[in-house]
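Colleague: Take a look at the letters that make up each chain.
Number of protein chains: 2
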Amino acid sequence: MPASHFLPHIDQMAGYAPGEQPKDGVFIKLNTNENPYPPSPRVFEAIQNQLDARLRLYPDPMGTEFRNQAGQLFGLSADHFLPGNGSDDVLTILARSFVGPGDTMISATPSYILYKTLSDIQNAHLVHLPFEADWSLDPAKFAAEAARTGAKLAFLANPNSPSGTVLTPAQVADLARRLSCSLVVDEAYADFADAHCVDLVRDHPNVIITRTFSKGYGLAGLRLGYLVARPEVVAGLIKVKDSYNCDRLSLAGGTAALADQAYLAETRAKILATRARLTDSARSMGYQVPDSHANFIWCLGGPPATPTYEALKSQHILVRLMRYPGLEPAMRITVGTDAEIDRLLEVWRGLV
Amino acid sequence: MPASHFLPHIDQMAGYAPGEQPKDGVFIKLNTNENPYPPSPRVFEAIQNQLDARLRLYPDPMGTEFRNQAGQLFGLSADHFLPGNGSDDVLTILARSFVGPGDTMISATPSYILYKTLSDIQNAHLVHLPFEADWSLDPAKFAAEAARTGAKLAFLANPNSPSGTVLTPAQVADLARRLSCSLVVDEAYADFADAHCVDLVRDHPNVIITRTFSKGYGLAGLRLGYLVARPEVVAGLIKVKDSYNCDRLSLAGGTAALADQAYLAETRAKILATRARLTDSARSMGYQVPDSHANFIWCLGGPPATPTYEALKSQHILVRLMRYPGLEPAMRITVGTDAEIDRLLEVWRGLV
Numbered sequence: 070m071p072a073s074h075f076l077p078h079i080d081q082m083a084g085y086a087p088g089e090q091p092k093d094g095v096f097i098k099l100n101t102n103e104n105p106y107p108p109s110p111r112v113f114e115a116i117q118n119q120l121d122a123r124l125r126l127y128p129d130p131m132g133t134e135f136r137n138q139a140g141q142l143f144g145l146s147a148d149h150f151l152p153g154n155g156s157d158d159v160l161t162i163l164a165r166s167f168v169g170p171g172d173t174m175i176s177a178t179p180s181y182i183l184y185k186t187l188s189d190i191q192n193a194h195l196v197h198l199p200f201e202a203d204w205s206l207d208p209a210k211f212a213a214e215a216a217r218t219g220a221k222l223a224f225l226a227n228p229n230s231p232s233g234t235v236l237t238p239a240q241v242a243d244l245a246r247r248l249s250c251s252l253v254v255d256e257a258y259a260d261f262a263d264a265h266c267v268d269l270v271r272d273h274p275n276v277i278i279t280r281t282f283s284k285g286y287g288l289a290g291l292r293l294g295y296l297v298a299r300p301e302v303v304a305g306l307i308k309v310k311d312s313y314n315c316d317r318l319s320l321a322g323g324t325a326a327l328a329d330q331a332y333l334a335e336t337r338a339k340i341l342a343t344r345a346r347l348t349d350s351a352r353s354m355g356y357q358v359p360d361s362h363a364n365f366i367w368c369l370g371g372p373p374a375t376p377t378y379e380a381l382k383s384q385h386i387l388v389r390l391m392r393y394p395g396l397e398p399a400m401r402i403t404v405g406t407d408a409e410i411d412r413l414l415e416v417w418r419g420l421v
Numbered sequence: 070m071p072a073s074h075f076l077p078h079i080d081q082m083a084g085y086a087p088g089e090q091p092k093d094g095v096f097i098k099l100n101t102n103e104n105p106y107p108p109s110p111r112v113f114e115a116i117q118n119q120l121d122a123r124l125r126l127y128p129d130p131m132g133t134e135f136r137n138q139a140g141q142l143f144g145l146s147a148d149h150f151l152p153g154n155g156s157d158d159v160l161t162i163l164a165r166s167f168v169g170p171g172d173t174m175i176s177a178t179p180s181y182i183l184y185k186t187l188s189d190i191q192n193a194h195l196v197h198l199p200f201e202a203d204w205s206l207d208p209a210k211f212a213a214e215a216a217r218t219g220a221k222l223a224f225l226a227n228p229n230s231p232s233g234t235v236l237t238p239a240q241v242a243d244l245a246r247r248l249s250c251s252l253v254v255d256e257a258y259a260d261f262a263d264a265h266c267v268d269l270v271r272d273h274p275n276v277i278i279t280r281t282f283s284k285g286y287g288l289a290g291l292r293l294g295y296l297v298a299r300p301e302v303v304a305g306l307i308k309v310k311d312s313y314n315c316d317r318l319s320l321a322g323g324t325a326a327l328a329d330q331a332y333l334a335e336t337r338a339k340i341l342a343t344r345a346r347l348t349d350s351a352r353s354m355g356y357q358v359p360d361s362h363a364n365f366i367w368c369l370g371g372p373p374a375t376p377t378y379e380a381l382k383s384q385h386i387l388v389r390l391m392r393y394p395g396l397e398p399a400m401r402i403t404v405g406t407d408a409e410i411d412r413l414l415e416v417w418r419g420l421v
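Protein chains in written order, with our numbering: chain A, 70 to 421; chain B, 70 to 421.
Simulated from the structure, these hints should not be mistaken for laboratory data.
Do not take every clue at face value.
The list treats identical chains as one, so a pair stands whether inside a single copy or across any two.
Keeping only pairs whose Cα atoms sit at most 25 Å apart, straight-line, the calculated DMTMM-like set for lysine to aspartate or glutamate is [unchecked claim]: (1) Lys-185 x Glu-397; (2) Lys-339 x Glu-415; (3) Lys-339 x Asp-411; (4) Lys-308 x Asp-172; (5) Lys-339 x Glu-379; (6) Lys-308 x Asp-148; (7) Lys-382 x Glu-409; (8) Lys-92 x Glu-409; (9) Lys-185 x Glu-214; (10) Lys-308 x Asp-189; (11) Lys-92 x Glu-134; (12) Lys-92 x Asp-121; (13) Lys-382 x Asp-349; (14) Lys-308 x Glu-89; (15) Lys-339 x Asp-272; (16) Lys-92 x Asp-407; (17) Lys-339 x Asp-121; (18) Lys-382 x Asp-407; (19) Lys-308 x Glu-134.
Predicted, not measured: the structure shown is a model, and the values here were computed from it.
Based on the sequences and whatever the hints tell you, model everything.
Modeller: Below you can see the structure in the form of C-alpha cells.
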C-alpha cells in the first residue's frame, strides 16, 4: 500500500452514508423522503424540448431563465437566487465560502447529518446544540453558543429532519438577528410546511435559504436545488461554485416545475392528507410522533426501532433507521402513496 | 454594506471567467471547444428512457452502470472510475482532497486557467512551470520544482489547452515516477489525440486521469465527467464528493455515449480532417500553430490577436482571446463544422 496523498483529515473522516438506494423495484421505499408522486408533466415536456443538438453546448452558467422564474415566484429580483446541482451542492458551496480549517460551524441537533460531513471535509468543528424537549430552539441560547465558539456558519434545517418540526419565520428572524454569522435556513422540506422564510432575506443580510427539487417537486433524480440570499452574498458564492454546475436538462426541468405551482399544490395536498393518517396510526401504536411539517414522520418511543426496521425490511418495506449520539435509534418514515402506507400499516401493526 | 462573512481569501479572489456563452444563436461559436456535432442518437434514446416517474427517485450514488461501462471500455474494474458533474466537479473533488490552505499545487503554463481558481478557493498557491519552447516538459525540472515547493498535487492538461500539444504516455509515466505527489492528467481533449494515459493507473499509484463528455462526446450541456485512478484513491475521493453528484439523465446519457464508440470515431474523424485544414490555413496567414491533438488550434505570432478577435466578433464569429501573464494575447479557435470554418476563413483572410 503506497503512502496516501490525501489530506490527513480526509483520510481520517468517515464520509456521509446516504440512505439505501436499492437497485431493484421490490421495495416500498420510505427511507429517503422522495416524493411518491411523479414530477409535473410540464417538467417532462421541458426536458424533451432540450433533447436536441443544443446538448453539445454548455449550459448558461448562471441559469438565467431559472433565476427569473424563481424571482417571479418569490417577488425578488433574479440576482437573489443561485441554482445548484442539488441543494447538497449549494450547501457545499456555503461551507467552502464561509468555513476554514479549525473554524466552527453550529447546528441544532438532531438534524441533517450532512452538516457534519461538510464540516469534516472543511477540517472544521461542528458544534451541536440540542433542540428543546418541545422541538423549539432557544434563540438566545443558540446565539450565545455560536458566539462562545466563534461559529462562522449556522445551519438550521427548517422543517427539521428527522423531527419534522418547524420554527416560525418570526422565530427564525429572531435567531438571525442575534447571530453574528450567516444563518443557513435549509428549507428542503418547506414545500410541505405552512410557511417559509424566503422573505427574511429582504431584511436580514445574514439569512441564506436553501431549497431542493428533490422533495416537494418529485425530482430527486434530476439533482437541482437553489439558494436565496442577498445579491452581494450570491455574487461571492458564484466565485466558489463550478462554472457550469447545473446542466441544460435540470435547469429547464426545474424552471418548468417552478412554473407549475398548481401541480405542486395538488401533490402536496395528497401527501399532507396521507401524513395525517400515518401520524394518527403511528401514535395509536404507541409512538410519540411530533407534528410533522415535512413529508415524513419521526417515530419516538414505542416498540424498539431496530427490530421493527428489520422486520419491515424483511417484508420489503424500507424505512430509515436513524441513530444519533445519545438518542435511542428511531424510525423516520417517508409519507408514500396511500397504497404504500396502507401496506406499511398492515405489516407494522402485525409487529407491535 | 454589512460586514462580509466570507473567508478572507474568498473575498479577495477573482473567480473563474468561463468563455462567453451568448444566449442567442447568431454567433458561429468557436470559443469554448464544444463539439460541432450533436451527441450520438443513442444518448437521446437513453435519456428518453429515463423520462418517467423514476425521476422522483434519487440516482444511484455511485453510478454503477456507468462505472461498469467505463471499466469495459478500458479493461479495468469498475472501482477505478468515479463519475462527476463535469470534469470540473472531479477536479474540484481532487483539490479538496489533496490541497489545504497554504499548500502548493503545480501546473505547467500556459494551461487550463481553472487550476488557478481551484487553488484560490483552497487558499493554496499555484506554482507555474513554463513549457519548453517546443511545448515539451522537462520531467526532471518539473519534479524538482514540485519537490522544492512541496507541491501536494500536480496538474497536467494532456492534450494541453491552449497549445493543443501533448506529451506521450511514456513521457507522462516518466514524470509520474519522479513526482512524490499525485499527478492529475487532465485528458479533457484526449478523444482527439492519438494516445491516452489511462493505462498508467495500473502501474502508477499517483496517476489520476480526468475525462469529460463535453468535448469528444458532444455533451457539454449534460455536465458529465469522470476520473480514473487506483481503487484506494477512488475510495478516498468518494468521501469528498456530494453523495448524489450525478443525475439519472446524465448517467444514462453518458453510459450510452461510452457504448457508442463507432459514433465517437465518426465525428472525431471529421473534426481531425477539419483541424488539419484549419491549421494549414492559419499557418498560411503567418500564424505559428503548434500541431494540435485537440479540437482547437492555438494561433501564435501573426497579426495582432486582439483586433482580429474583435473584428471576427463583429462578424458574429466568436473565438477565444487568451491572455496569459508574460505572453502576447493569442487566439484559441475551436474546430467547428466545415461550413463554420469556411466562413471563419473567409472573414479572417479578409483581415490579414
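Colleague: Hint by hint, note whether the structure agrees.
Modeller: Hint check:
no., hint, in the structure
1, Lys-185 x Glu-397, "within (19 Å within a copy, 47 Å between copies)"
2, Lys-339 x Glu-415, "within (20 Å within a copy, 62 Å between copies)"
3, Lys-339 x Asp-411, "within (14 Å within a copy, 59 Å between copies)"
4, Lys-308 x Asp-172, "both (21 Å within a copy, 20 Å between copies)"
5, Lys-339 x Glu-379, "neither (28 Å within a copy, 57 Å between copies)"
6, Lys-308 x Asp-148, "within (14 Å within a copy, 32 Å between copies)"
7, Lys-382 x Glu-409, "within (14 Å within a copy, 59 Å between copies)"
8, Lys-92 x Glu-409, "within (18 Å within a copy, 45 Å between copies)"
9, Lys-185 x Glu-214, "within (17 Å within a copy, 37 Å between copies)"
10, Lys-308 x Asp-189, "both (22 Å within a copy, 10 Å between copies)"
11, Lys-92 x Glu-134, "between (34 Å within a copy, 11 Å between copies)"
12, Lys-92 x Asp-121, "between (29 Å within a copy, 16 Å between copies)"
13, Lys-382 x Asp-349, "within (22 Å within a copy, 66 Å between copies)"
14, Lys-308 x Glu-89, "between (34 Å within a copy, 16 Å between copies)"
15, Lys-339 x Asp-272, "neither (34 Å within a copy, 57 Å between copies)"
16, Lys-92 x Asp-407, "within (23 Å within a copy, 45 Å between copies)"
17, Lys-339 x Asp-121, "between (35 Å within a copy, 20 Å between copies)"
18, Lys-382 x Asp-407, "within (19 Å within a copy, 59 Å between copies)"
19, Lys-308 x Glu-134, "within (20 Å within a copy, 33 Å between copies)"
Violated hints for the displayed structure, listed by number in ascending order: 5 and 15.
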